[in-house]
Structures are given as structure tokens and as C-alpha cells.
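Residue numbers (full-length UniProt numbering), protein chains in the order written: chain A, 1 to 249; chain B, 1 to 482.
Hint data in this document are derived by calculation from the structure and do not stem from the laboratory.
Check each hint, because a few of them may be wrong.
[Unchecked claim] Label-pair distances were calculated between CB atoms; the ranges are: (1) B:Q391 - A:Y204: 35 to 45 Å; (2) B:E478 - A:E15: 33 to 43 Å; (3) A:E69 - B:E429: 16 to 26 Å; (4) B:E478 - A:G64: 33 to 43 Å; (5) A:F137 - B:L376: 34 to 44 Å; (6) B:K471 - A:A109: 18 to 28 Å.
C-beta: ideal position from N, C-alpha, C; glycine also.
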Amino acid sequence: MLQIKNLHASVEDKEILKGINLEVKAGEIHAIMGPNGAGKSTLSSVIAGNEAFEVTEGEIILEGEELGELAPEERAHKGVFLSFQYPVEIPGVSVTNFMKTAINESRKAQGLEEMPASDMLKKIKEKAELLEIDRKFLSRSLNEGFSGGEKKRNEIFQMAMLEPKLAILDETDSGLDIDALRIVANGVNKLKSKDNAIIVITHYQRLLDYIVPDFVHVLHDGKIVKTGGKELALELEEKGYDWIKSSVE
Amino acid sequence: MSKYTEEDLKKELETKEYEYGFYTDIESETFPVGLNEGIVRAISEKKGEPEWMTEWRLEAFRIWESMIEPEWANVNYTKPDFQGISYYSAPKKKDQYKSLDEVDPELIETFNKLGISIEEQKRLSGVAIDIVMDSVSVATTFKETLAEKGIIFCSISEAIKMYPELVKKYLGTVVPQTDNFYAALNSAVFSDGSFCYIPKGVRCPMELSTYFRINQAGTGQFERTLVIADEGSYVSYLEGCTAPSRDENQLHAAVVELIAMDDAEIKYSTVQNWFPGDSEGKGGVFNFVTKRGLCEKNAKISWTQVETGSAVTWKYPSCVLKGDNSIGEFYSIAVTNNFQQADTGTKMIHLGKNTRSTIISKGISAGKSQNSYRGLVQIGPRAENARNFSQCDSLLMGNECGAHTFPYIEAKNTSAQIEHEATTSKIGEDQIFYCNQRGIPTEKAIALIVNGFSKEVLNKLPMEFAVEAQKLLEISLEGSVG
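Produce the entire structure from the sequences given, and follow the hints as far as they go.
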């Protein structure tokens, strides 16, 4: 599904990613962990095509296609989804309207007609039920006045609506209490299938109690320095990031 | 040209009259340039107006002569040469195109983007249309329905002849000739405009739109509108058109007067899309408009405007809340792009007890434009328990435009409650990226954000107008992100 080869990226001439190699297959969940400043969020932004970052070397290949030249929306049309660490507010635009626009823009890019309103409503109803979201919530302005938990649930709702091939969850657990964390994680687990892949980016291992990864990668100073199974997360939790730092240096 | 005196003008007039048979020749279309009493008289005469009207115009002209052009607005432009303008153009037959194929393709493209029907496109671009065309029959049934209810809706010229007592009684009562430089000018030389009277207790069954006055289609340079809603009546009036209006007249100075008698309600919606000048700021219409409404007891006036056009806009639709318990509302979206300049807002004058007013202003600036909100909330000494709520939001796109807010508040009664909220925001790269990531391209993302920002005002527009206005916002801001 996704192959990342020797990826280097920088922001304002400062190199953040220093040669990332990663392969993710359909049906897999990968966790990327690491201390603050390791480059976790940069990696997710670069995969999504954020132009604030410059890719200086390497390739990102999704289903055999190099993403390098593609605009963020084109990557989205190809099935890349990013759940933001800090979802932005768009006042006056309801969640429903936002999703309708997003879905229809993707359909347009694929040469399809707009989704009929009845189908759209049905889909919204179905996904809201799946994720236990009150539909009143969907007529509120996007992320405006949402609590931390609501914002993250809204991200997962969008993921459910857009049905991406590759979903990257960037620090989805941050700012969530344990109940909200469980709800969000349950949602993600329901959306997982053998045809899609999920990359979970997290600082702590607690999210991985709920979303169980097939692989855990440790990112340090712009490189993946260790890869293992889900037990690596526990080991990391126990020994702390200093353990990684000292073992690298 | 050296200084052109009145004497020169008179001489020119005389010779022209002689040469071309000025007054008698109906084919003659345009007056010589310049303005003096002779021209004012000539306009009045040309329109076959009664003596009182001519006198009224002359009075306005004398007042105008003693006034100076205001400079307080936050706009910069080369002042028009008022003696370099011709003040009267007879309604001339436009050259008609045989089919839409002959019309500027760029214009057609804009029409299509706005979702304007083919028939409507033909009408707007001056393509010859069949007499059996729908809108003609619509207009006829429309007129019949109005007549049954006793509603008068006609051109102001027609009203001066047919309903002189109404016009005489109300013209200039809300915006007097002395009001300001442009209002005085308009009073002296107004070309035409609309007149509307809703009788006591009548609820006008449809939105009144200048669109239906087919014979008077095409707005004049100095338009004059008078709307009178008698006791307990209701009317919703639509002005303007979302289609781009190209006009060779650089200066537009309209006056609109609304009178809402006891328990009456007037809803006045405008979409203004005059030529804003090109992307380098050349050309474009100067729009200096005076709009004001008077509310008697328990009356209500709502102004809703979507302003996307004109190079320079100077416009403050206002309400005089004279009667107790009367209500004034102002909802505005002003978009400026490229080199456009807008100084717009409202005045809410609270005179009666328990009067209430609401102001929602949304300014969107892009390119190198300057967008100013200027508003006055005035509470008179006898206006017990008056209330005002104002909200002014500005949205900026890019780093070269400006948004300004000039709120003036004068309260002379201690029981008044006045609230003012203002926000300024910028469309952030993070917002755009967020939309992009969900598959929404940048242009569409901006349209979405702008529509969300303007929603409270768009919701106030009549349905069909709102849909067009929404598309208009998108088009006005196209290409404004680098």
C-alpha cells in the first residue's frame, strides 16, 4: 500500500526527516512513537502533502504511484487521510456541509456525478450510528467550540465518511480523557479492514491498548531507529525514551 | 480644456439646439456636458414634469452648488469632473445581438457560473428575444396581481405624473435635498428610478423586483427610489442583479427613501455588482449612494446588502427609528478585491422609546483592496430603553489588503443598551490545508470559508437571491489566492 524510501524533508532549511524508510501493507496497523521533536508530525504532514515542508530527497509511493508531485487534495482523492492533531475551526460551515463538499469534490476528481442527497443522508446516518455520534452535532460549525474529545471524534467521523485507503492518526489521543479515548479507539477499530491501512502516531503507549498495532516504529531525530511488534511499545513505556536515545548514541 | 463657464455652455446649448433641433428631435440622445440651471430645467422638461417638480430640482441644484464633495471617507480616488459629465441620456435602443454567439464569451462564462438561464442571459446581454418569452407574461400576471391589491409599482417618472400627491408628499422627506453633496446632486438631476406604494394593511404577495419592470430595465446613473409602506403593510423589495453590470457611466449617485408607517414592514435587499475596474485598478464605477428609511410606530425596516462591485463604494443604508417600538436592521456583506475600495456601513438613529436595532456587517478583503465599515448608533434623549447590537467581522485574504472599522456611538439617554462586537480574521494556511487534505481544492476551500463567514447575512436574503449571491461571492474572489 505505502512505501516510503529514504525520505528527507525540511522546513525553513532545517532538516527534520533524515532518511525515513517504511513499508505499510493493506490490513496493517503501524504505530510510530517517539519523543517530542523526533519528526512524527512532520512525517504525517509530508505524507499528506503539506507545502510548508520541502521534500529534499526520497519517495512516497502509494499503491505504486509516486505522490511527490501531487497537491494535498489530489493525495486525498487517492485515499490519503490525515486525522489532525489540532483540527482547525471553520465558522459557519456545518460538519455535514463540509463532508458533502469533500465527498463531492473527490467524486468530481474521479469523474463521478455528485452523490445524491438521499444517499448522502443515509451514509451520514449510518456512520454517525457506527461511531455513536449524536446527529445534532453534525449541524454545528466545524470544530467551532468543540471540546478536545469532540474534535477528535469528528476527525474519526470524517475518516468514516471518506473511507480512505491510508489513514494517519496524528496524536489522536492527545487531550482525551480515558472515556473519550475508548470511544475514538473503538471507532477506529470498526473502520479497520483488510483493504485499508492505518498509521497511528503517538507519544504514549496507552492508545495502543485500544488500537493494537502490528508493528511499532520508534522515531528519533528524523530516523526510524527501532522497529518491533506491539511489545516494543510496552518496553518503551517502561524504559522511557532515554533508553532509545542512549542506545542510539 | 480651459475653464468652461456657464456662458460657454449656454452658447453651446444654443448652437446645438439650432444645429440639431435639440428640444424637438426625439432622436437626440445625450445632453451636452456640464451642469447648470438650464440643464436641470431641460431634464425636467424632457421628462414632461410638472412645475413643482422642476422647482424642487432647481432648489436641489442651488443647494448642491453651495456644497463641497465630502472627503472624510476612507477612500482615495480622482474626483469626478462634475462639469465634464452629461446629465441626461434618453433611453436609447441598445444594439441588439442576433444570438448569444455574438456576445463576449467571457460574459457568457460568468453567466453560466452564476447559473443564469439562457433566456435570462439573452435579456441581460441585449439579445433580441421573442415576445412570447416567459418573463413578459410573468410580468403581465405580476402587474395584474399587484393592481388587485391596490399596490402601485412603477417608474418614478410615471409616478410623478400619475400620483403627484403621493410623490409630492413624500419625496425628500427622508433624504432631503440638503442631506449631502451626492443626494443634492441626485435630487437635481435624477434620471429615473422606482416608485412603490403599498396600501394600508396590504401584504405584498411577491418580492418586488426592478427586474419585472421590463420597460425600465437598465439602471440609470442617478437613480431615485421611493418606497412607501402604509400602515400595517408589508413589502420585500429586491434591487440589483448578480449578473455583472458593465456601465460606461463612471459616477453613480443613487438615492433610496423608504417610509414605513405605523406597524408596517419593509425588507430591502440589494446585490450590487457594478464593474469594479480591472485587475490593475483601471476603470470601474464610483458608487456614492444615499439610502435611508423612516420607521413610524412599531414599524420595521431591514436592509440587506451584498456588495461585490464598483471601484469605489460609499454607502450607508440607514434607519431613522422615529416611532416607539420601531426596529431597524442592517445586514451587509462587502467584498473587495484587486484595487477596490469600500467605505460602507449604516446609521441607526434611535428617536422613539423601546426602539431596537441590529447591525451585522461582514467585510471580506482580498488583493490590494481596502474595506471599511463605518457605522453610527445614535440614541436620542427621548429614546427610553433603546437597544442596539452591532457585530462587525472582517476577513482578510493575503497580506496586501486592509480592513478598517469606524464605529461611532452617541447615547443621550442613560437607559440605552448598546453592544458592539468586532473580529478580524485571516483565512489561514492551516484552514486551507485542512480543506485540501479532505480533498477540497483551494478555490473551493476559500469559497466554503467565505460562505461560512457570511452565512448570517446570506440567510437574510430571499431564497433565490441567496443562492445567486453565494455563487457571486465565489466568483468575486476567484484567483485571489496566490
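Hint-by-hint comparison with the structure:
With their beta carbons about 42 Å apart, B:Q391 and A:Y204 fall inside the hinted range of 35 to 45 Å. Checking the proposed 33 to 43 Å range against B:E478 and A:E15 shows it holds: the Cβ atoms sit about 37 Å from each other. Between A:E69 and B:E429 the beta carbons are some 20 Å apart, a value that agrees with the proposed interval 16 to 26 Å. At roughly 35 Å, the beta-carbon separation of B:E478 and A:G64 lies within the given 33 to 43 Å, and the hint holds.
Evaluation of the 34 to 44 Å hint for A:F137 and B:L376 yields a pass: the beta carbon distance comes to about 41 Å. With their beta carbons about 21 Å apart, B:K471 and A:A109 fall inside the hinted range of 18 to 28 Å.
Checked against the numbered hints given earlier, the structure satisfies every one of them.
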